[in-house]
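A.B. asks: Below, each chain spelled out in residue letters.
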Amino acid sequence: MELNDLYRDVILDHNRRPRNFGALEPSDASVEGFNPMCGDRLTLRLRLAGDQISDIRFEGQGCAISTASASLMTEAVKGKTRAEALQLFDRVHRLLTDDAAAAEDLGKLAALSGVREYPARVKCASLCWHTLASALRSSNPQVLPAVTTE
Amino acid sequence: MKNIALADRPMGFDVHALRRQFPILSRTIRGKPLAYLDNGASAQRPNAVINAVDDYERHHHANIHRGVHTLSQEATALYEAARDRLVHFINARSRHEIIFVRGTTEAINLVAQSYARPQLKPGDEILITHLEHHANIVPWQMVCEQTGAKLMVAPIDARGEVHVEAVTALMSPRTRLLACAHVSNALGTVLPIRRLIAAAKERGIATLIDGAQAVSHLHVDVQELGCDFYAFSGHKMFGPTGVGVLYGREQLLERMPPWQGGGEMILAVTFAKTTYNGLPNKFEAGTPNISGAIGLGAAVDFLSGLDRDAAHAHESALLEHATAELSKIPQLRIVGTAADKASLVSFYVAGVHPHDLGTILDEDGIAIRTGHHCAMPVMDYFQLPATARASFAFYNTLEEIDRLAAGVERARKLFA
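From first to last, the protein sequence lines are chains A and B. Our numbering applies: residue 1 is where the first sequence begins, and numbers increase by one. Our numbering applies: residue 1 is where the second sequence begins, and numbers increase by one.
I should point out that these hints are in silico values taken from the structure, not numbers from a laboratory. Glycine is no exception: its CB is placed at the ideal position from the N, C-alpha and C atoms. Any given hint could turn out to be false.
Unchecked claim - Some residues of chain B that are not near chain A, with every Cβ distance over 10 Å (derived):
1. L18
2. R19
3. R20
4. P23
5. P33
6. V53
7. H59
8. Q73
9. G123
10. V153
11. E202
12. L306
13. A310
14. H372
15. M379
16. T397
As the list claims (entries may be wrong) - Using C-beta positions, here's what the derived DEER-type ranges look like:
17. A:A120 to B:R308: 29 to 37 Å
18. B:E399 to A:P119: 51 to 59 Å
19. B:T287 to A:D13: 53 to 61 Å
The shape of chain A in the complex, shown without the other chains (with noise of 0.2 Å):
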């Protein structure tokens, strides 16, 4: 069946049991994250050293998809650059979006590929991503507005 290809074993498992899941204080950068058809909301709080992403968590309500697409993202970017981690938001946003997307080296990230047959949920996957690259690209984390995937 389709469905085991969306739901994944990886993904019930960190719907079930996210990781880097909670409070982060202090953080250096704080953006929340809404998508509005839904109803999912997550906070994204990340520390910096230097460039480097030194820890990050999140919080929030959302579906499988969502909780278990920030919960892999939280561990795939932990100790990643900046630059890193922004290339591999591209990465899973071509996974996300395009089957031609190669799902090599993303390791468990992977399991996000089932996500494209059904178009009504890409923006469940991808909320946290966003979230992420707002908080990247902005010179001052602290004071972002939300994002949202509208």
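Following the hints, position chain B against chain A.
C.D. replies: Positioned in the frame of chain A, the structure of chain B alone reads:
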């Protein structure tokens, strides 16, 4: 003399014969038979509506109220005949009281801007309830901002019921209008609108009823209700999208200024002065949704041809069955448990986000609505981000509800 036709008719309500009149109900989704349980968002169309629109487009289309040529006269006759059907459908007094609009949303905005705005003073009050659809909240917020009036919100209780006393407690000498739903789209609650309208009338407060969710389920008689305005949409009563009706009492509509200016709503235009047309054209500026209105007229005929008591009894059986079957599922909470409910069930399964549930049910061919249902204050009240909502029409079956319950149980196990 024996009535053979009557004797041959199957006993009870023949849902399968009825379903055959709705072509979309025989399609498959992802290889499974469609179970369409999203009628609260939009109901499906019977052949009668599809054919009426098709016939108009193929044989009779022209602009209305304009030409002397044959097609224009035919189109005008069909459009105005649809209006007559709606007069009878809700028992309005005359065709002056039936304004064709785009839908319920436009109808409410029309009343907000044309009835309320010119008379509201700072400190005046508009009264709504906590369970309104955004379409019956935002237009009032806008007019309050424009005039300095205040929006008052009557509470609901944990069952999702609106109590008459809770509403009358907020009626004051400054209350100018009570605007409330007939049936809640998010919860299914049928509001005690007869008593609410009576209480408002006693105090000289005008009333607008949002009937979007009611007209497909309940018999609506605006004279018996006694409301000043009643708004509804075509597509939720098996008609086309993009057309709906504002009913207004003629005395009020007469006094209201036009809402939009343009063609159709005028009698004479010079650069010095424009003389407005009479009712209902005064409120129908521009070329209307002609085919939509004709389709809506056909939907009225279709509904009038049904045994609506039997249809209602069938819907009640669907609601009862859905409530019973869903209640058996562990971790499932039904949101909205009013004593008087239309046939829809809003619910939440702990550990299963409604959007995941919606995707999983779609895989089984089952269409439900998931989200906040354009009623975010209701979600806030129940402290939920969203719910899943299965909303039924008379063409749904008990078997479809069994499939729904099985799908929900499967989703629950997947995420457990």
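A.B. asks: Hint by hint, which ones does this structure get wrong, listed from lowest number up?
C.D. replies: 14, 15, 18
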